[in-house]
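Student: For the sequence shown, the UniProt record's numbering gives the first residue as 1, with consecutive numbering after it.
Hints listed in this document are in silico derivations from the structure and should not be mistaken for laboratory results. None of the values given here were measured: they were computed from a predicted structure. All the given hints hold, so there is nothing to weed out.
Calculated lysine-lysine pairs in the DSS-like style (CA-CA distance at most 27 Å, straight line):
#1 K58 <-> K94
#2 K132 <-> K94
#3 K94 <-> K111
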Amino acid sequence: MQVEMPAGKGFDVFVGVPDYSVHYQYRQGTILHEVRETNLRELFGKYGDLLWMNGSHKYNVTNFIGELHDLLDFPSFSAFSDEMLDQLIGKMRKRGNSNATINRKMAALSKLLRKAYKMGDVHSLPEFKRQKEKAGRIRFLDRDEENALFSEIRAHSELYYRFCLFLVDSGARLSEGLNLRWGDIHKNRVTFWVTKSGRSRSVPLTQRAVDAIAACDRRHAGPFADIDQQRFRVAWHNAKDAIGFADDKDVVPHVLRHTCASRLVQGGIDIRRVQMWLGHQTLTMTMRYAHLASHDLDMCVPVLERMGTN
Numbered sequence: 001m002q003v004e005m006p007a008g009k010g011f012d013v014f015v016g017v018p019d020y021s022v023h024y025q026y027r028q029g030t031i032l033h034e035v036r037e038t039n040l041r042e043l044f045g046k047y048g049d050l051l052w053m054n055g056s057h058k059y060n061v062t063n064f065i066g067e068l069h070d071l072l073d074f075p076s077f078s079a080f081s082d083e084m085l086d087q088l089i090g091k092m093r094k095r096g097n098s099n100a101t102i103n104r105k106m107a108a109l110s111k112l113l114r115k116a117y118k119m120g121d122v123h124s125l126p127e128f129k130r131q132k133e134k135a136g137r138i139r140f141l142d143r144d145e146e147n148a149l150f151s152e153i154r155a156h157s158e159l160y161y162r163f164c165l166f167l168v169d170s171g172a173r174l175s176e177g178l179n180l181r182w183g184d185i186h187k188n189r190v191t192f193w194v195t196k197s198g199r200s201r202s203v204p205l206t207q208r209a210v211d212a213i214a215a216c217d218r219r220h221a222g223p224f225a226d227i228d229q230q231r232f233r234v235a236w237h238n239a240k241d242a243i244g245f246a247d248d249k250d251v252v253p254h255v256l257r258h259t260c261a262s263r264l265v266q267g268g269i270d271i272r273r274v275q276m277w278l279g280h281q282t283l284t285m286t287m288r289y290a291h292l293a294s295h296d297l298d299m300c301v302p303v304l305e306r307m308g309t310n
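All chains should be built: construct the whole structure from the sequences, respecting the hints.
Tutor: Given below as structure tokens:
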């Protein structure tokens, strides 16, 4: 930019002035607010504790935001553009991230940026579009697999064994079970307050889940509050290896949640009730298990055979 200055004032005719851009945003309680440059790490430092509760999900989000910050060519911004978003998606694809992984990272980014926009830290947001995901394979345990795995875990720790019984019969996420408190248990029903979606839910318990809780030490904050998550995972993988599942990457603790959902669907429970039981925000998540209800189609075979008879 060049500005013409009045002659005879000791200035050259034209003086160079650097280009700059200032953005303003209206905010509640003020007339105008200047939007200064920020970055993803700074925004997460300001709002991470407000948006995500401590636990494994927040740990993953912390890593997601740190990775996205590092991927940006110019990490400082006052507006997050569609071009910046496309750049991130392209780089994640080059790293081999699947669409499902990209969606999880974009969900964290969207949540953080929406909060920043609301608070006046950025003046515009990109349009987030969910990437199309392929239907993945759902791994669940049959009764024999469950018995073999649980027996190995029980040989290591009775508490870990009771925890597995509770998880497979309640469909709780690992973090939900660990965060369960005695006050969340009423007769034969539990309420999960600390959930991935941020929405609480209550589910009734099977008798063996009730017995598993009853055998726990009430001197701790909750029935499974004394369990160290990392030590539990080590014990799980040792048990998994011992029964010949060392190469099955899908046999992780989360398989117990899949097993619960699969048994509900196979037992004839409608998909809406399964959604409520699991606490899925959308029915799309629960529909991954819908194929297991295919026994309902058996009634179609006699019709086809009868109609096909000459």
